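Colleague: Following the hints, position chain P against chain G.
First to last, the sequence lines map onto chains G and P. Using our numbering, you'd call the opening residue of the first sequence number 1 and step up by one each time. Using our numbering, you'd call the opening residue of the second sequence number 1 and step up by one each time.
Simulated from the structure, these hints should not be mistaken for laboratory data. You can take every hint at face value.
Only part of the chain P face toward chain G is listed, based on derived beta-carbon distances under 7 Å:
no., residue
1, Gln4
2, Gln6
3, Lys360
4, Gly378
5, Ile380
6, Gln384
7, Leu387
8, Met388
9, Ser391
10, Lys398
11, Phe399
12, Gly400
13, Pro401
From a predicted model like this one, the values you see are computed outputs, not experimental measurements. Glycine included, every Cβ here is placed at the ideal spot set by N, Cα and C.
Protein chains: 2
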Amino acid sequence: MIDQEQLRDCYVTTRSKIVMLVVDGLGGLAHPDTGLSELETARLPNLDAMAQESACGLTTPVLPGVAPGSGPGHLALFGYDPLKHMIGRGALEALGIDTPLIPGDVAARGNFCLVDGDGLLVDRRAGRIPTEFSTPLCQRLDRIEIPGVELDVYPVQDYRFVLRLRGEGLSERITETDPQITSVAPLPVEALGPQAERTASIVNDFLAQARLLLAEEERANMVMLRGFAQLPNLPPMGDVYRLNPAGIAAYPMYRGLATVSGMRVIPTGKTFADEVETLQQNFESHDFFFIHYKPADAAGEDGDFDAKVQRLEELDPLIPQIRELDPDVLLVAGDHATPAIMASHSWHPVPFMLHSKLTKGEGVKTFDERACAQGSIGSIQATQVMLMAMSHAGKLTKFGP
Amino acid sequence: MIDQEQLRDCYVTTRSKIVMLVVDGLGGLAHPDTGLSELETARLPNLDAMAQESACGLTTPVLPGVAPGSGPGHLALFGYDPLKHMIGRGALEALGIDTPLIPGDVAARGNFCLVDGDGLLVDRRAGRIPTEFSTPLCQRLDRIEIPGVELDVYPVQDYRFVLRLRGEGLSERITETDPQITSVAPLPVEALGPQAERTASIVNDFLAQARLLLAEEERANMVMLRGFAQLPNLPPMGDVYRLNPAGIAAYPMYRGLATVSGMRVIPTGKTFADEVETLQQNFESHDFFFIHYKPADAAGEDGDFDAKVQRLEELDPLIPQIRELDPDVLLVAGDHATPAIMASHSWHPVPFMLHSKLTKGEGVKTFDERACAQGSIGSIQATQVMLMAMSHAGKLTKFGP
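Bound-form chain G, shown alone:
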């Protein structure tokens, strides 16, 4: 991670408070008709006013040209090098449905599928069976028992579920069972090293039992597993930065990312207004808060430019409620851009602003891609945002004599 071992002694615990607001998919690109991005189009009086009193810049989530998933995008903002600390798909999927994961657990993404009498794949997604149909099947699979390991199956949505293995000496280093094509049999799991042989054998045993349990089903008579993953072994943020960090997120995946980073996750409601209320109620109990705003990303992923503009305009009126708490450092960042015209995450640098008593504005009048590019922070790696937050909060002291 970016916090080089050499900086460890520079972090100090103080009474100052940092609030990191992560606007998911914050950055965008110009609409072809207007030449203006989502942020440039939206009416954001409160964010703009804050920009006029902040230090502004752009963050690169991973590397120029590299569009990150939610995992790397957030880990970078928390100060972890996303190229060194990967969160595998199974673990992220488990975190996304609030499945408790502890170090050592192996999680996998599961699909129900349909095979013919010879065991050859007919439909890799079992006709996308609905959740109400797959949930009882998950409950049936959840009863599978294999000595020496705890197996749990959690429904996700439609034909998707999570398998969690808990026990001693498990390994994520096993192959996937989805052959990616039909008319062949699902693959057996294979160990990618001697330390994974027992895990591979357990999973193959699970698959054999699953097949028996589902044999009579007409729509979904088999399962496939992929993305076997354990939690990355991250040094907790609290230890690294000498903070008492908390995470507030309405969506489970982001709670999971907070947990993985060593934050205490504070229960909250379903909306960002709920999150702000949770922040207000717990403001005295922590010195660092990660608070997550999801809807901008969802609209961007849908390719709906107007909806993304609206989601940003819905965020704006809640900014004063956060500022009223008077945190020593309030920063607004994004885990990545999600330009509506691309309908996907992108690699573009993401606007970023940091407000503290040391920032008095620098001529940046609006909070958007073009204006922030002119800010005093310039273009930095997302992994460096925590350094900026810590120093502006007086928690990162002089390096070296």
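Modeller: Below, chain P alone, put in the same frame as chain G:
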């Protein structure tokens, strides 16, 4: 190299096409009389028009303050970390005269020189004998035979030649023979490790035979060798990026650099117009093209500001012919700056622009150092240019879940 192992799975092969135009020595510095650089002085309507529809920025070839040679300058643009992947002088010299090199070959730069009756150096460059005089001497040296190795001597220019050794178990880890001063004898070659002892012995044998063969010559009766080098072992661009890359260059050294990087080199003529025609004729056969424009660098190295301006103005009218091919990504970059006022390569950041359907312009009106510094890409490492090209072409998918 920059393509972290972790990104390998993110590269996908698609039908989209990337054209990378490398303008050798592209960047410059202000003329003291006008305060304008070569690019700012030149009339470049087509490059300027392209900048108005591109994402613009600056590239740092190696590190701030580090002026690269042609080898590192190009390798960086192809995505190889130039500090990790060195091309030794002998290998680059060989590539520069179209000498075929295969992995394992050892190439060295050779000089004819003049020694006195005691074998002490009188003239380290043999009075800079002309090529027509040195070529027959090279042919004579080329007949030297040593068991277990294939020896070839290729004339370069004036007093310079290339010695190529081909065979099993050769090593580049041997010392040079040029003592850098006169009135002493050329040095024998020494092995820098046990694995190089046989190569050192072969080269010393060659030097002894060369001395006998040249003994009667009055102007050039001995040779010196330096820059022993093997090809670097680069992962081929095609494998790394899942591309089918081609290189088009009128000058042999750049064809050599393309070969070293794993591109197919397409034969072309002597001018950039020939190169563009070659690009047109082969456009369907590859998904990545490196095309090289040399004259700007040559004028800069000559310290001729006006000539460099003119060479840039001669490039400009050919830009529309490349754009007519409608590549998905067209990027214009430089391997380094060659400011005419310095008459040498320099370390200055180099203008860079990338045109794709995702770039709609960003207020940059001209293609030059000052304007590109205001572009949305900001200042990036040259090694990151390929990441930008790949992502804009839809060939670099999301990193991490």
